[in-house]
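Peer 1: Just so we're aligned: 373 in this note's numbering is position 314 of the sequence shown, and the numbers increase by one with no gaps anywhere.
Please keep in mind that the hints were generated in silico from the structure rather than gathered at the bench.
Hints may contain errors.
What the hints assert, rightly or not - Derived EDC-like pairs (lysine to aspartate or glutamate); straight-line CA-CA distance at most 20 Å:
hint, residue 1, residue 2
1, LYS477, ASP375
2, LYS241, GLU165
3, LYS229, ASP285
4, LYS265, ASP375
5, LYS188, GLU123
6, LYS485, ASP268
7, LYS181, GLU147
8, LYS181, GLU112
9, LYS467, ASP498
10, LYS208, GLU151
11, LYS181, GLU134
12, LYS298, ASP256
13, LYS229, GLU160
14, LYS208, GLU257
15, LYS86, GLU75
16, LYS559, ASP513
17, LYS475, GLU529
18, LYS575, ASP513
19, LYS159, GLU134
20, LYS159, ASP306
21, LYS408, ASP513
22, LYS467, ASP532
23, LYS390, ASP498
24, LYS207, ASP268
25, LYS303, ASP278
26, LYS571, GLU561
27, LYS288, ASP256
Said to hold, decoys possible - Here are the computed distance ranges between Cβ atoms for each label pair:
hint, residue 1, residue 2, range
28, TRP537, LYS298, 33 to 41 Å
29, ALA539, ASN417, 54 to 62 Å
30, ASN409, ARG78, 27 to 35 Å
31, ASP278, SER245, 14 to 22 Å
Remember, it's a predicted structure, so these values are computed and weren't measured experimentally.
Cβ coordinates follow ideal geometry from the N, Cα and C atoms, glycine included.
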Amino acid sequence: MKFISVRRLAAVLKLEVSRTNDELIHKLKQSVDQHFLKNQILNAFGQDFAQQELIFILNQLKEENIPVFHEWIEEDRLLVEYLFSSGEIILENEDVILSKENDLFETYQNFLETYLAPILSKKLSEFIKEGNLTELGNHLRFSPLLAKKKRIEIQQAVVSYLRQSIAQLKVSHDQELQKQLKLVFSIEFVQLLNELDESFYADSIKYFDTARLVVQRNDLSLLVLDRIKSAILSLNLNKEDHQKVVDFSSSNAFRARVKKPNSRINEMVKSPFFIVAVIVVLVNFIFLDSEGEVEINNSEENVFVTSYLDDNEIRDFPFLIDTFNLEITYKILQEASVANYRPLYIGVKNDTLDVNYNLSKYYAPPPDIEVIEIDSTIPPKSEIEKNKIRQNHDKISEYFKDLSFEKKCPDWYDSKIKITIGTTQKIRNVGSKKYEDTDFIYEAYPVILENTSDSTIIIGYGSQIPLILELKDESGEWKATETMFTYMCGNGLPSILLPKGEIVLTSVPVMKDEKKIRFRLKIGGNYSREFGGVLSNE
């Protein structure tokens with residue numbers, strides 16, 4: 060849908076504008092109708108408009124606040140030219156005006172969506188295909204003018220492109236590697252990350268993690284190392300994460316590489332023992348990789364790089380959208396705590412998942428809507444909420460069945476379940492302490508359980524997934540750190556079903572003292588990879 064402000068339209072139709080009111084709108088409509096009696100289009104300052112497009116804009120002007128929004132757009136020189144030209148004109152040395160402090164800003168964002176979102180979608184798609192980072196950045200900076208949900212939807216294509224570029228970097232060699240290094244660690248690439256919504260903050264952290272892995276290579280020039288350092292220092296991060304970047308940038312990792320002379324390489328290759336040596340190295344590499352941990356020593360600290368996910372799992376782990384913004388804390392490891400693993404998503408695995416902390420509340424249907432309509436004491440907001448609950452109930456009711464299904468489906472004890480912990484992202488673990496009237500909100504790693512069995516299984520009951528967190532003690536034995544959640548009464552509790560090939564998302568708390576401890580998750584006879592023990596300064 061094309062946009063033209065009321066002032067510009069009036070100028071084209073040669074009408075005077077003192078203020079936008081019903082009289083002016085009526086005159087504009089009359090002039091538009093008269094023009095289209097003889098013409099198929101209206102050319103306004105080089106842009107063509109159909110009658111239907113103009114009538115839509117004029118009808119909108121009758122709504123509250125819309126005339127004000129037309130004035131806001133006219134005052135924003137960058138935006139008005141961008142909308143009027145359908146994204147073809149971007150003025151230099153101009154900034155987008157974000158009136159976030161104004162009470163009408165959210166309504167303004169919703170109004171702009173009709174005109175701005177289609178332009179952004181088209182332009183971003185066009186320049187993603189071209190791989191033009193500069194133009195992507197030029198258009199992406201308009202996205203904060205959209206409401207959060209639409210903004211995330213629009214930006215997802217750019218995020219996927221950035222992730223694909225980083226993934227390609229990890230598997231590139233020789234000239235292709237140099238090309239990807241130049242692309243990924245360019246200032247334009249970082250600017251795209253910085254323009255993204257805060258929901259994609261984890262992508263900036265992953266970018267930094269990728270840089271930390273890349274600089275371990277011994278074949279990088281000082282020029283490339285400086286490029287990487289400049290890139291990560293340009294990331295828009297919170298104070299704590301930025302300090303980590305600063306500390307890393309001043310570490311030995313960015314010292315000049317001393318390349319070993321190549322004069323003996325040809326002799327080594329010619330040696331009959333070379334192939335044997337290569338095989339031995341590969342066998343040892345595979346063995347070490349299966350252990351998942353490599354120790355790297357230097358004079359400053361001991362860093363344990365733990366392989367929580369292999370490259371394929373990193374690419375396959377969904378991106379999580381978590382809009383939960385209440386204050387969090389870290390769980391303190393203690394004996395005999397009660398497990399809390401609530402389903403946060405259940406269904407088909409997608410590239411992006413919305414984290415829903417209220418999911419388990421929706422298995423019980425809400426009161427009949429007709430009752431709500433008759434009861435005049437219930438305010439409209441409650442009625443809307445009941446409709447929302449009903450819609451969510453309809454979506455997930457197929458996964459929550461009464462306990463009689465225990466006899467029809469195998470449970471987690473007799474099923475094959477793949478457990479994947481996404482340690483590159485953080486969400487929340489929310490719940491209440493058993494038998495106490497207190498809530499907790501812990502920072503947590505996302506956990507995905509995938510049904511790899513041949514049929515639908517029971518993955519949990521009520522609002523709980525029966526996972527257990529185990530730790531490895533000093534003797535190397537695995538011991539449970541918590542007891543399974545149990546209900547005092549089972550009446551009315553549903554079984555949670557998980558069809559073949561589908562997933563359920565939950566979360567495991569990040570322990571306050573987990574640096575030296577190795578953990579794993581268990582459900583039935585299924586175990587996750589080990590995690591924890593990321594960094595030790597001793």
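Peer 1: A separate judgement is required for each hint: does it hold in the structure or not?
Peer 2: Structure-based check of all given hints:
Between the alpha carbons of LYS477 and ASP375 the distance comes to roughly 13 Å, so the proposed pair stays at or under 20 Å and holds. A hinted pair counts as satisfied when its Cα atoms are at most 20 Å apart, and LYS241 with GLU165 does not qualify at roughly 39 Å. A hinted pair counts as satisfied when its Cα atoms are at most 20 Å apart, and LYS229 with ASP285 qualifies at roughly 19 Å. A threshold of 20 Å between alpha carbons decides the hint, and for LYS265 with ASP375 the separation of about 14 Å falls inside it, so the pair holds.
Taking the CA atoms of LYS188 and GLU123, the gap is about 40 Å. The hint is violated against a cut of 20 Å. With a CA separation close to 14 Å, the supplied pair LYS485 and ASP268 stays within the 20 Å bound. For the proposed pair LYS181 and GLU147, the alpha carbon gap of about 11 Å is at most 20 Å, so the pair holds. Only pairs whose Cα atoms come within 20 Å are accepted, and LYS181 paired with GLU112 is accepted, the gap being roughly 19 Å.
For the hint linking LYS467 to ASP498, the alpha-carbon distance of about 35 Å lies beyond 20 Å, and the restraint is violated. Taken as a hint, the LYS208 and GLU151 pair is broken in the structure, with Cα atoms around 28 Å apart against an allowance of 20 Å. This hinted pair does not check out: LYS181 and GLU134 have alpha carbons roughly 25 Å apart, beyond 20 Å. The hinted pair formed by LYS298 and ASP256 meets the criterion: a straight-line CA distance of about 18 Å does not exceed 20 Å.
For the hint linking LYS229 to GLU160, the alpha-carbon distance of about 42 Å lies beyond 20 Å, and the restraint is violated. With a C-alpha separation of about 12 Å, the suggested pair LYS208 and GLU257 falls inside the 20 Å cut-off, and the hint holds. Taking the CA atoms of LYS86 and GLU75, the gap is about 10 Å. The hint holds against a cut of 20 Å. With a C-alpha separation of about 6 Å, the suggested pair LYS559 and ASP513 falls inside the 20 Å cut-off, and the hint holds.
About 19 Å separates the Cα atoms of LYS475 and GLU529, which keeps this hinted pair within 20 Å; it holds. The suggested pairing of LYS575 with ASP513 is violated, with an alpha-carbon distance near 38 Å, which exceeds 20 Å. The hinted pair formed by LYS159 and GLU134 meets the criterion: a straight-line CA distance of about 15 Å does not exceed 20 Å. Among the hinted pairs, LYS159 with ASP306 is inconsistent with the structure: their alpha-carbon atoms are about 34 Å apart, more than 20 Å.
A distance of roughly 17 Å separates the Cα atoms of LYS408 and ASP513; the hinted pair therefore holds under the 20 Å criterion. At most 20 Å may separate the alpha-carbon atoms for a hinted pair to count; LYS467 and ASP532 exceed this at roughly 39 Å. About 12 Å separates the Cα atoms of LYS390 and ASP498, which keeps this hinted pair within 20 Å; it holds. Between the alpha carbons of LYS207 and ASP268 the distance comes to roughly 27 Å, so the proposed pair goes past 20 Å and is violated.
A threshold of 20 Å between alpha carbons decides the hint, and for LYS303 with ASP278 the separation of about 24 Å lies outside it, so the pair is violated. Taken as a hint, the LYS571 and GLU561 pair is broken in the structure, with Cα atoms around 32 Å apart against an allowance of 20 Å. Restraint check: the Cα-Cα separation between LYS288 and ASP256 comes to about 23 Å, which exceeds 20 Å; the hinted pair is violated. Checking the proposed 33 to 41 Å range against TRP537 and LYS298 shows it holds: the Cβ atoms sit about 37 Å from each other.
Restraint check, ALA539 to ASN417: a C-beta distance of roughly 29 Å breaks the suggested window 54 to 62 Å. Checked against the given bound of 27 to 35 Å, the beta carbons of ASN409 and ARG78, roughly 49 Å apart, lie outside it. Roughly 20 Å separates the CB atoms of ASP278 and SER245, a value that falls within the hinted 14 to 22 Å.
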